[in-house]
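Asker: Spelled out from the first residue to the last, the chains are:
2 protein chains.
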Amino acid sequence: MGIEIERKFLLTSDAWRAQVVSSKRMAQGYLNDAAAVTLGTQNVSVRVRIEGDVAKLNIKSREAGPQRQEFEYDLPMADAEALLALCVGHRVEKVRHYIPQAELCWEIDEFSGTNAGLVVAELELPRLDAHFDKPEWLGLEVTDAPRYYNLMLAERPYSEWTAQEQANP
Amino acid sequence: MGIEIERKFLLTSDAWRAQVVSSKRMAQGYLNDAAAVTLGTQNVSVRVRIEGDVAKLNIKSREAGPQRQEFEYDLPMADAEALLALCVGHRVEKVRHYIPQAELCWEIDEFSGTNAGLVVAELELPRLDAHFDKPEWLGLEVTDAPRYYNLMLAERPYSEWTAQEQANP
Chain A
1 MGIEIERKFL LTSDAWRAQV VSSKRMAQGY LNDAAAVTLG TQNVSVRVRI EGDVAKLNIK
61 SREAGPQRQE FEYDLPMADA EALLALCVGH RVEKVRHYIP QAELCWEIDE FSGTNAGLVV
121 AELELPRLDA HFDKPEWLGL EVTDAPRYYN LMLAERPYSE WTAQEQANP
Chain B
1 MGIEIERKFL LTSDAWRAQV VSSKRMAQGY LNDAAAVTLG TQNVSVRVRI EGDVAKLNIK
61 SREAGPQRQE FEYDLPMADA EALLALCVGH RVEKVRHYIP QAELCWEIDE FSGTNAGLVV
121 AELELPRLDA HFDKPEWLGL EVTDAPRYYN LMLAERPYSE WTAQEQANP
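Quick mapping for you: the protein sequence lines, in order, are chains A and B. Each residue of the first sequence is one higher than the last, beginning at 1 in our numbering. Each residue of the second sequence is one higher than the last, beginning at 1 in our numbering.
Hints were generated in silico from the structure; no laboratory data involved. Backbone N, C-alpha and C fix where the C-beta goes; we use that ideal spot for every residue, glycine too. A portion of the hints provided could be inaccurate.
Stated by the list, open to error - What follows is a set of in silico ranges between Cβ atoms, one per label pair, in the way DEER data are often shown:
#	chain 1	residue 1	chain 2	residue 2	range
1	B	51	A	56	23 to 29 Å
2	B	2	A	67	32 to 38 Å
3	B	104	A	159	48 to 54 Å
4	B	159	A	160	41 to 47 Å
5	A	141	B	22	51 to 57 Å
6	A	6	B	104	44 to 50 Å
Please put together the full structure from these sequences, using the hints given.
Answerer: This is the structure:
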C-alpha cells in the first residue's frame, strides 16, 4: 500500500514529443462502475491493466484532490484477460509516454479508441508540497476535474463529451 | 483463475460439531456494495478476507446458480487491514469449520457479530453433476437464495432479517 499524490494537466502543444524517452501501450478497465465511486456507495475503484507483457490489479481510494491510497498487485496475464472481460463500461486504451525530469517523471497519456484526441500529462509527487518545474508545453491543471479520471473515461469517453467540455477544462 | 461450483445448505442439528477436524476464524468485507452486483451495474464482487494470519483478495463473478469465475490473490496483512477499512457495509465475521468427506470437504460457517445465529454448510464441487453424500445433519439447500450470499450478509445481516426470513429459507 502506498499513498499516491498525482497532479494532472492538459498540454499546450506537441513539443513534449521530442522529450519522450520511452512509451508503453496500455489497456485497462474497471471492475466497478464509476457511479458507485462518484456517488459514494463505494470507497475505491478497482482497475485491471495490461501494460505490454505485464498485468496489474490496482485499487485506489476515492478521496477528492491529488492524494489517494493505492494498492497494486501483479496479475497472471490469463487472469487479467478474463478480468478485463468482466469489467464494466468502455476499455480505456492509451500509450503512456515517459519524460524524466530531475527525480520525477512526467507521464503523458495519449488516448486512443473511444478516447482518441485526449492527451494529458500526469506527475506523481513524493509530497503534496513537492516542487516541480513546469515544462513549456504544460497547460491548465485538471487534477480535480472528475471527467478526466480514467474511471470516468471508461464510462463516458472523450468522444461523448460536448464541444464545450472538450474546449474548456 | 478458476471456476467455482459451490452449493450451500442449512443445517438441521448440531450433530456436525462432532465431525469437525479444524476451524479457522475469518473476518471479511467487500469493496463493492451488494446493490452494484445484484442490480447488475457491476459483474463481480471484490472481497478482502483475513483468515488467521493469512489475508486474501478474492474476485467472484456474479452469475446466478452454483457456478462462478473466481480469482484469488494473497495480500500483505497491512494491505488487508487498510482495505478492510475501505470496505462498505458490515464486516462479516465467522468461524469456518472443516469436515472432510471422501475427496470433498464441508465448510460449516458459523457467523458471529451482526450475523450471529446463522450457520450454513458449503460444499465446493469439482463438477456441476458431481455426486456427494448428504450428511444426516444437512438441511434445505439455499444456493440460489441471495440473502445468504456473504456479500448480502455484509449489507443486510442476519440480525436485520424478519422472523419469517429467519424461519423460512
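Asker: Which earlier hints turn out false for this structure, listed by number in ascending order?
Answerer: The structure conflicts with no hint, since it agrees with every one listed earlier.
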